[in-house]
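Enquirer: With the numbering used here applied, the sequence shown covers 1 to 91.
Any given hint could be a false lead.
The calculated label-pair distances, taken between Cβ atoms and stated as ranges, are [said to hold, decoys possible]:
| no. | residue 1 | residue 2 | range |
| --- | --- | --- | --- |
| 1 | 54 | 10 | 30 to 38 Å |
| 2 | 61 | 39 | 18 to 26 Å |
| 3 | 1 | 64 | 22 to 30 Å |
| 4 | 28 | 3 | 36 to 44 Å |
| 5 | 48 | 22 | 34 to 42 Å |
| 6 | 9 | 51 | 35 to 43 Å |
| 7 | 42 | 7 | 35 to 43 Å |
| 8 | 7 | 50 | 14 to 22 Å |
| 9 | 6 | 50 | 31 to 39 Å |
| 10 | 49 | 24 | 24 to 32 Å |
| 11 | 5 | 64 | 32 to 40 Å |
| 12 | 44 | 21 | 31 to 39 Å |
Since the hints were made in silico from the structure, they are not lab data.
Glycine included, each C-beta is placed from N, C-alpha and C at the ideal position.
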Amino acid sequence: MTDQMGRRAPAAAPVTRRRDRAFEELIAAELLAAEALPRRDPETARLRPGWVAAITTTLRWAFRHEGAPPFPLDVPCAAGVSSPSGVQVTS
Numbered sequence: 001m002t003d004q005m006g007r008r009a010p011a012a013a014p015v016t017r018r019r020d021r022a023f024e025e026l027i028a029a030e031l032l033a034a035e036a037l038p039r040r041d042p043e044t045a046r047l048r049p050g051w052v053a054a055i056t057t058t059l060r061w062a063f064r065h066e067g068a069p070p071f072p073l074d075v076p077c078a079a080g081v082s083s084p085s086g087v088q089v090t091s
């Protein structure tokens, strides 16, 4: 993502719209904001069915390592490294 001057910039967080570099506390805050969104802004949650669930599922998986990946992870990995699905890749 680039800013108005053409410089690289972090993408906006989906719920809070922050454009800071991702670090643990901001990811946790984004997850909490996503979990609170249906109570805080029920109209947005109603107008975007599945959006909040997609955000919370992705952040729970990526940040807390909870649940299954929100999308298929059949990505080749370097030899000798376990893939995200747990399969050992050898050369």
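Enquirer: Indicate, hint by hint, whether the structure satisfies it.
Expert: Results for each hint:
no. : hint                : result
1   : 54 / 10: 30 to 38 Å : violated, 20 Å
2   : 61 / 39: 18 to 26 Å : holds, 22 Å
3   : 1 / 64: 22 to 30 Å  : holds, 25 Å
4   : 28 / 3: 36 to 44 Å  : violated, 25 Å
5   : 48 / 22: 34 to 42 Å : violated, 22 Å
6   : 9 / 51: 35 to 43 Å  : violated, 23 Å
7   : 42 / 7: 35 to 43 Å  : holds, 37 Å
8   : 7 / 50: 14 to 22 Å  : violated, 33 Å
9   : 6 / 50: 31 to 39 Å  : holds, 34 Å
10  : 49 / 24: 24 to 32 Å : holds, 30 Å
11  : 5 / 64: 32 to 40 Å  : holds, 36 Å
12  : 44 / 21: 31 to 39 Å : violated, 25 Å
Of the numbered hints given earlier, the model fails hints 1, 4, 5, 6, 8 and 12; all others are met.
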